[in-house]
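**Student:** With chain A's structure known, arrange chains V and L on it following the hints.
One-letter residues, chain by chain:
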Amino acid sequence: MAPRYAPSLRSRLAPLLLLLQLVFILIYGFYTEVKSNVKVRGDNFFCFYPNLQDVTVMVFLGFGFLYSFPVRYGFSGSGFNFLVAVMATQLAVILNGIESWYYSGKIIIDLKSIVVDEMCAVSALISIGIVMGKTNPVHLILIAMLEVSGFVLNKWLLRTLLRVQLPNSIMQLHIFGTLFGLVLTWMLYRTESERQFEKEKSDCKMGLFSMLGSICLWIFWPSFNSALVKDGALGRKLQAVCSTYLALAVSAVTAAAVSVLSSPRGKLNLIHMQSCILAGGVAVGVSMTAVRQPWEAMAIGFTAAIVSTIGVRYLKIHMLLAFQCHDTCAVLSTHGLPSLLGWVAHLLLQLKDCADHTMAIRFTVFHICTLLLTIALSLSMGIITGLLVKSNFWRPPQDKKCFDDQAYWEFPHLAVRK
Amino acid sequence: MAPRYAPSLRSRLAPLLLLLQLVFILIYGFYTEVKSNVKVRGDNFFCFYPNLQDVTVMVFLGFGFLYSFPVRYGFSGSGFNFLVAVMATQLAVILNGIESWYYSGKIIIDLKSIVVDEMCAVSALISIGIVMGKTNPVHLILIAMLEVSGFVLNKWLLRTLLRVQLPNSIMQLHIFGTLFGLVLTWMLYRTESERQFEKEKSDCKMGLFSMLGSICLWIFWPSFNSALVKDGALGRKLQAVCSTYLALAVSAVTAAAVSVLSSPRGKLNLIHMQSCILAGGVAVGVSMTAVRQPWEAMAIGFTAAIVSTIGVRYLKIHMLLAFQCHDTCAVLSTHGLPSLLGWVAHLLLQLKDCADHTMAIRFTVFHICTLLLTIALSLSMGIITGLLVKSNFWRPPQDKKCFDDQAYWEFPHLAVRK
Amino acid sequence: MAPRYAPSLRSRLAPLLLLLQLVFILIYGFYTEVKSNVKVRGDNFFCFYPNLQDVTVMVFLGFGFLYSFPVRYGFSGSGFNFLVAVMATQLAVILNGIESWYYSGKIIIDLKSIVVDEMCAVSALISIGIVMGKTNPVHLILIAMLEVSGFVLNKWLLRTLLRVQLPNSIMQLHIFGTLFGLVLTWMLYRTESERQFEKEKSDCKMGLFSMLGSICLWIFWPSFNSALVKDGALGRKLQAVCSTYLALAVSAVTAAAVSVLSSPRGKLNLIHMQSCILAGGVAVGVSMTAVRQPWEAMAIGFTAAIVSTIGVRYLKIHMLLAFQCHDTCAVLSTHGLPSLLGWVAHLLLQLKDCADHTMAIRFTVFHICTLLLTIALSLSMGIITGLLVKSNFWRPPQDKKCFDDQAYWEFPHLAVRK
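Residue numbers (the UniProt record's numbering), protein chains in the order written: chain A, 1 to 418; chain V, 1 to 418; chain L, 1 to 418.
With the rest of the complex left out, here is chain A (with noise of 0.2 Å):
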């Protein structure tokens, strides 16, 4: 094989997908078990239902679309993506799991915990998301094994230790991601990106198909937001719909008046267009638990894409230029920053309401401490996968293969055959 292709993935690639698949074939097959003992009040399956539709697709419909914006990198961009949530989500059951093995000996698996194990997955996904086209699928295989570990074991720790709830704990999902694709990018760096990659653009097609995908999570948020708040109170349910909605609904007006705006000749970007209409949607699922009025959340949402647009135009390429982080998505901006944005939002509600001095210092303590456990975990889990994914056991791709299908896809046209 000529030194001008890609190294073939073959002996990489498929023993690695196998060898897991067999491994989580079995370990299914000892101790995970449908729930059977449904509730009596029998309307729980067609409540739950679509909420598990609407997020599964967002997983595999928004996120791959949203990632094939490259010109020549569509097939990698929704297939890898494809890829990479089917095996965080079935490593996800498996270590959400353990506590309940632990106790009964069993891992049930319901429609609510699958939900929990795609939000784990998304979790990957926006890690995903910052090394794309950089890194090959194997790379993101093992990312994604990594940080779907280390992501539920800061859930865990944040629930057993300071007692934080699901719903708080799985939405500092963005902030874990993004920290934890940043590190890893940072290790991974290559001299190319300074000088951007060749194929690292759009075009008017591709630019459609995120579109689309855009507008698919744009639409699904508010089920992602609210899956997690409690069935019982149905009001807060509600609330978590119409909140997200409308902030949602703010950071799309306000993305769009910022990129006009931020651009000498008055256009809009789509990129700010797919990207920050996005980050209310962000920051009002990480402070969701405290929003109470509908000004707030719009509130939120206008902050936040603000932030984000801005940060999509300036800081993804001083973040490059000074910190060596290429960042393909421009995932700080639109994860990263409107997730702390929410995280102090939460704060500042929480600290509205509190009555009592004592009370407010603490919850403040608690909630820097739950951040600061978040961040910690996050940099350390970046560091260590970047350490084992950097070598060239791996084969990573050469600089000019970078963002292009062809290293890792049979070609129609070649594959014709007689």
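No wet-lab data here; the hints were simulated from the structure.
All of these numbers come straight from a predicted model, not from anything done at the bench.
There may be inaccurate statements among the hints.
Where chains are identical, the list cannot tell them apart; a pair therefore holds if satisfied intra-copy or between any two copies.
Claimed, not checked - Each computed BS3-like pair below joins lysine-lysine, with the alpha-carbon atoms no more than 27 Å apart: (1) Lys106 / Lys352; (2) Lys401 / Lys201; (3) Lys400 / Lys230; (4) Lys112 / Lys35; (5) Lys400 / Lys316; (6) Lys400 / Lys35; (7) Lys316 / Lys390; (8) Lys199 / Lys316; (9) Lys199 / Lys230; (10) Lys201 / Lys106; (11) Lys112 / Lys401; (12) Lys205 / Lys400; (13) Lys35 / Lys352; (14) Lys201 / Lys390; (15) Lys230 / Lys352; (16) Lys390 / Lys400; (17) Lys316 / Lys201; (18) Lys205 / Lys35; (19) Lys401 / Lys390.
**Tutor:** Frame of chain A; chains V and L shown alone:
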């Protein structure tokens, strides 16, 4: 800036968006509230939320991709549709809530009210479809704001003056939107339109994106028509869904047949397959409350598709040449004529059920009044909007930049910065 | 008209469509009724409607875009699929209702019956996938009409002769559709097939549209498999959803691994990632009523994906060369083999549960009979259809116009009129 570029919208679009958005946030801050006292029988949320999602998919995904058929107008088609829909929905929340604000001091937001608001936004999107491509985003937003105001006023007048029920009054959205848009396009007439704009054609890939939008609309149209049918009368909701489903199915087949029949070479036309397959849904939507039997829905769908397909094939070009109305998305034939047909069908079906002669005449007069009121209001609102929008202050695009993304969007290959 | 053009379908397609549609409307007018006596416990509608929507998305969006992969066949792929699905569903409503008409004089339409009808349409769509591109729309509609008739007959025979339950009998749709289509393509064999049709390849953008369809199918497959599982036994419905979900996940990973392993250069193949990821869903669907444990579903998914991927890679070309069966969408490997595998798995799982030896033999004989009946009926219906469709009366496309939209669609740049 060289004059060959489209005029910059920086000083128009950004302030308009930010101003409107901040005003919205202020109004929401003082006067809105998410419904907190949810009914005892708790599954209300789970019943209605999927319905809301379906309508949201239609508004943001369906219309967005349907409108992105011109070969170089994909970003604008989907992006501006998105922006307009978000703004129009936010405005509709306020306007629809005025009555409740007047009586109780608060605008109550719940899932059903959001559906009603999105339907008002659909009315604006229908108008937008007529002037798409020949206007800039500032125009589109102003048009949407005024259209929504007019439509909500019309709905209120129908309800208070003529006691038309909500499902009936809101289904006038097709008639209102079409006439409003037609008056507008007539006032904004430009000589270029007569020999087609050079970029107002589709190509193979854009046609598929447009097909995607159209199929999304087709699939979820039953949810749209049945959304406001009262929950109590469950049989009615099922009836509405089945009627719409059958009418859509029949109109898809009929549109294809008429398209082939009216083509000199016996070929199908993709535009017909995209627009006219929806005609049945429009017509049945307007006449829904009177449709009882499956065959009635099917006959309505059959006639609507014939009218619509012939309209797109022959009427569109005559509207342009004879009346100087350039109708980008053939909205007159897709929404206007089928909804008039639905209005007639509603009248006939009601008369058929009337035992009494006086009753029948009364109903006829009443039914004609609702139509005349809608027409009068839509025409006058259209004229007012046209006068406002015609000004050069809003920097209309040059003729040769019509239907061109480059006038409004930073293009990916230009966006590379170092 | 110059002979280099494809023959006009004006005098064939339009009358056929109009005639069938009018006959349908007449039959519906006399014999159908929307179910009016809805059960007391009213949320039936809300439980089932999202399920219907999921299946509708699969039928119209999923299959439509999956079939639009050939580079110049996008309009036809999605458009003809749409047309065929609409016609087949309408016919299935009538045929499935004959029994109820015989007893009560009316065909009752409700949400569940529409799902059953759409599943019959899926059976036709599977057959269509085999002959796509080499036939014209008139062929496709005739084929669909006969396929649906045969499939409904088969379902009825299985139910009345062998007392096979509805969920089991309808899941034979994969086997019936595949064999019917294979016989047909063998009878319609054309020499051109042996050296590939020039336009039967995909390209980068069309591959993504096809990926979109495939992901839609993948996401909603659990709804498809669980739709007919009885509502009463809620645990069974949850089981069906989880089994399908796991099988799909495993088959996605396995398909990717086998695709890389079987490629000389260690690359993935997009066709495998589109078709073979669904194999698990097909296989589990057929064996669903016997699958109890998660690992059983996963093992079935694993095997199905291996069989399917190897089939697409090696079997497709041998079927063509050895048996003169040109299988456009590799339906044999995607639906045929996995469903046979599912049939075997069903048998084995049932035998495992049988305590009694006689019982086991009885069940085996019964199970083999259902398969043989399905095979016999599908082959004979396929031969009858082939004889009918082979006639030149239906104006088959020339070899060089195969897989070409231009034979059937007015092209946008030709559609400009002044």
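**Student:** Against the structure, test the hints numbered earlier, and report the numbers of the ones violated in rising order.
**Tutor:** 3, 6, 9, 10, 11 and 18
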